[in-house]
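Chains as they are written, first to last, in full-length UniProt numbering: chain U, 1 to 241; chain C, 1 to 241.
Take these hints with a grain of salt, some might be off.
In this list, chains with the same sequence are indistinguishable; a pair is considered to hold if it fits within one copy or across any two.
Think about it this way: if two alpha-carbon atoms lie no more than 27 angstroms apart in a straight line, the pair counts; the simulated DSS-like pairs of lysine-lysine are [as the list claims (entries may be wrong)]:
#, residue 1, residue 2
1, LYS227, LYS44
2, LYS31, LYS59
3, LYS141, LYS206
4, LYS59, LYS227
5, LYS227, LYS53
6, LYS59, LYS69
7, LYS227, LYS99
8, LYS31, LYS141
9, LYS227, LYS31
10, LYS99, LYS44
Just so you know, the hints here were simulated from the structure itself, not pulled from any lab data.
Number of protein chains: 2
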Amino acid sequence: MVVGLGPGDRSYSAPAAITAIETADVIVGYKTYLNLIEDLLVNKEVISSGMRKEIDRAKAAADLASEGKCVAVVSSGDPGVYGMAGIVLELVEEQYNDKNIEVEVIPGITAATAAAAALGAPLMHDFAVISLSDLLTPWTKIMTRIEAAGLGDFIVVLYNPKSHGRPNHINTAREIFLWHKDPMTPVGIVRNAKRGEEEVIITNLKEMLNHPIDMLTTVVIGNSQTKIINGKMVTPRGYQL
Amino acid sequence: MVVGLGPGDRSYSAPAAITAIETADVIVGYKTYLNLIEDLLVNKEVISSGMRKEIDRAKAAADLASEGKCVAVVSSGDPGVYGMAGIVLELVEEQYNDKNIEVEVIPGITAATAAAAALGAPLMHDFAVISLSDLLTPWTKIMTRIEAAGLGDFIVVLYNPKSHGRPNHINTAREIFLWHKDPMTPVGIVRNAKRGEEEVIITNLKEMLNHPIDMLTTVVIGNSQTKIINGKMVTPRGYQL
Chain U
1 MVVGLGPGDR SYSAPAAITA IETADVIVGY KTYLNLIEDL LVNKEVISSG MRKEIDRAKA
61 AADLASEGKC VAVVSSGDPG VYGMAGIVLE LVEEQYNDKN IEVEVIPGIT AATAAAAALG
121 APLMHDFAVI SLSDLLTPWT KIMTRIEAAG LGDFIVVLYN PKSHGRPNHI NTAREIFLWH
181 KDPMTPVGIV RNAKRGEEEV IITNLKEMLN HPIDMLTTVV IGNSQTKIIN GKMVTPRGYQ
241 L
Chain C
1 MVVGLGPGDR SYSAPAAITA IETADVIVGY KTYLNLIEDL LVNKEVISSG MRKEIDRAKA
61 AADLASEGKC VAVVSSGDPG VYGMAGIVLE LVEEQYNDKN IEVEVIPGIT AATAAAAALG
121 APLMHDFAVI SLSDLLTPWT KIMTRIEAAG LGDFIVVLYN PKSHGRPNHI NTAREIFLWH
181 KDPMTPVGIV RNAKRGEEEV IITNLKEMLN HPIDMLTTVV IGNSQTKIIN GKMVTPRGYQ
241 L
């Protein structure tokens, strides 16, 4: 089972995710995520690993499942959005396909909609989700997508907007958006959405870089209809009120 | 409170959503959604209305909240994705702004990631969410977005892919995708994702119209990397396994 815990607060974890963890013989996950469920790990076999050890975690899980164990690979958010679901399925279906392992993906609330809820209602129109991490996707391809999203007047949700290794991608992304979007386009910056110490900033494309952005942040960039109403970021759906 | 129940099965509803409904004095919602939570409505004031009565529902909720009542406006999925969050915020912040009403949006698992989980792991790369309903958005604008999503090699999730009023939009969308996507591009069709009688079809752009598609269906169209592995739809994230 590849299990999404949602944004972080237990009150946003689906009962199906908690049941999966309780049912599993072994829990596999990145340390930071396992800390979110420490209370559920009592008397469990736990395999914890560091960041960027996705392949190790997936292989450990597949090996244990081959032995007949029920394994839960745990992450925050939705494991099907840039998460562990892909690598686990690839590995199991391509390299362990003689082992008769069944994989179930248990979805969770993903950062895009957790951040949107914190901001108001920015995702009432068509939107694009783009990760600015170029660890596994060429930066040129990401830039092409940013431009296509601008051309299509999509609302855009940026995952992994900034890290020490790529501090300037967010600047370039902003410049590309400015080819198609007004500088006054509302921008929402949410840190730790629905995860304890939530921080919400509502700004615009012109000013957005004057605010702190890091790996725990989700950035939502409006479309041509998005507006700020009493401090909430809203893209009107188009009803005549 | 604008509350998302997630895809439909209670095991995918966040505890925060259930708590909101239990706390509220009044529950407002479209009949079909209220049926999902019948057991929670005992001894509650309930305002139920038909489809396309979004403005009536939002006004009823705002009126009741003005009187000091705690109101939960309930829907399936995430109310921040084409849902009731926008209209409630617009109405409250623009027309009831002297009433001191506080609006909280409680996110849920949206159809895009519920359907993705049923299919495998198609959303491992950047993706676009597009509704084919032109009730509130001009069809020309939707077509522009479909083309932009094709240009950007996004995975695309189609909401409201077909209804009696617009049976052919899905055909046109498919034609536009074929300008940029290979006919063999994997397509997943999920009906009632994580909602009881889930039906999953994995096909491709060439063949997709030979399968039933309706308003309860979510359609996921792959990008240039998406493949079908042992009956699962997977967009490899790019790890070297």
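Exercise for the section: Check each numbered hint against the structure and report the violated ones by number, ascending. Expected result: 1, 8 and 9
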